[in-house]
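Chemist: Now for the letters of each chain:
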Amino acid sequence: MTAAAGDPVCELLAQSLAVWRVAGGVERTSGGAILVRAGASEICIERAPKNLPFRWMVSVDGRKRGAISLLGVLRQVRAALDPGYAANRVRVAVSPLVPS
Amino acid sequence: MIPVAILTGFLGSGKTTLLRHLLRQPEFSRTAVLINEFGEIGLDHELVETSHDSFIELATGCLCCKIRNDLAQTLDDMLRRRDRGELPPFDRVVIETSGLADPAPILQTLMTDLKIAGRLVLGGVITTVDAVNGSDTLDREEISVKQVALADRLVLTKSDLANGAQPELLDRLAGLNPGAPVLRAHHGRVDPRRVFDSDVYDPCAKSLDAGAWLAEEAAQEHSHDRHDADVTTYALVREQPIRAVALTLFLEALAEHCGADLLRLKGIVKVAECPDRPAVLHGVQHVFHAPAWLERWPSEDRRSRIVFITRGIPRRWVEALLDVLDAEVAETQADARKF
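Chains as they are written, first to last, in my numbering: chain A, 17 to 116; chain B, 70 to 408.
Any given hint might turn out to be false.
What follows is a set of in silico ranges between Cβ atoms, one per label pair, in the way DEER data are often shown [unchecked claim]:
hint : chain 1 : residue 1 : chain 2 : residue 2 : range
1    : B       : 401       : A       : 44        : 38 to 48 Å
2    : A       : 69        : B       : 306       : 33 to 43 Å
3    : B       : 188       : A       : 69        : 51 to 61 Å
4    : A       : 69        : B       : 208       : 33 to 43 Å
Computed list of chain B residues with no C-beta within reach of chain A, every gap over 10 Å [unchecked claim]:
hint : residue
5    : 141
6    : 189
7    : 247
8    : 368
Just so you know, these hints were derived from the structure itself, not from any lab.
Yeah, the Cβ is synthetic: ideal placement off N, Cα and C, and Gly gets one too.
All chains, full assembly: derive it from the sequences and hints.
Modeler: Take a look at the structure:
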């Protein structure tokens with residue numbers, strides 16, 4: 017299973033699996049959702065409904081959570097697939113990126 | 070701000086010989102030297118003759134692990150003793166690491182420790198490579214690959230002993246670190262101005278020598294894939310400015326998902342909200358220096374250029390990450406304008 021060509025979000029997720037050294041695949045369904053499969057896990061990523069304060073909804077083993085950006089999606093996907101990740105995750109506070 | 074240079078290189082690569090030569094030069098008369106050896110008893114400080122105003126601090130144990138936490142404290146103590154007049158008023162610090170040290174944690178300490186922030190600034194990484202044994206060492210010792218990959222300058226030592234011009238070794242060094250110039254030392258002698266001629270990390274620098282570390286070769290749209298411990302160097306180049314929020318998310322994702330595999334990142338970026346003042350980025354593993362803002366672009370080239378030195382981080386992932394985050398931020402901002 018590989019990412020669909022010309023689909024940047026699928027490409028990012030597929031490459032992310034390589035970065036995390038997780039074997040798996042990514043595909044876009046006919047309904048527009050993204051499926052990430054690795055081992056016994058299946059993760060479904062969809063755009064959130066307009067009435068929710070999220071951009072993405074991530075379903076892991078039937079549990080659905082929102083994410084406000086793709087960075088949040090990456091966190092949720094990795095937390096589901098990489099057991100050592102959540103415990104060791106570093107939170108980074110970035111300085112304002114405009115000159116004072 | 071006092072620049073701190075890191076002199077590293079594998080065991081026996083000629084660091085102490087080089088340092089001994091440098092400290093005899095008038096330009097180095099006001100240099101504080103911190104020598105770090107790996108072993109029960111340090112000897113290198115006995116081998117380094119200092120000029121009148123230079124002095125040596127010795128720490129035994131490997132800087133990158135055993136005494137890493139003491140590094141900032143040692144430097145802070147040196148500054149306090151300088152302020153009290155107990156030490157000569159040095160205007161440069163050189164840290165000679167042990168041959169087995171990983172330079173990355175040392176870089177991180179210098180970039181982030183609050184005790185020394187505001188007084189010291191990282192002035193560059195100089196790595197010595199033995200022209201005779203360098204190739205074998207790179208084959209055998211992974212840490213030597215990292216020492217080369219992280220350097221701002223490479224000094225080829227013992228070239229007077231090596232037969233020929235060592236083209237294979239030079240090719241390999243260029244593959245591992247295309248942005249670092251290679252200087253040749255003869256009997257430990259090299260022009261000191263070429264070794265320490267810029268303070269590349271100085272966030273206050275008014276005329277940042279961006280061209281020196283964003284070398285043309287590194288900025289090309291192709292990667293220099295080598296198979297030395299999976300170390301790969303490539304550069305992202307973008308004509309279009311990058312939105313500040315997207316850049317923030319991008320750096321956060323790199324820190325979070327690459328960690329120790331992001332050996333080093335150096336970049337000059339055109340930020341959409343402030344395109345006339347480029348942001349200078351430095352990162353080592355999961356630690357990023359606060360961006361420095363230049364008053365103007367250092368050359369006619371106003372493209373964003375970010376150089377990556379990684380261990381096994383695919384270029385395609387980095388490109389996709391930046392593109393997707395920038396597109397998402399653009400979409401979010403467009404949505405916000407509708408309301």
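Chemist: Hint compliance check: list the failing hint numbers for this structure, sorted ascending.
Modeler: Structure breaks hints 1, 3 and 4.
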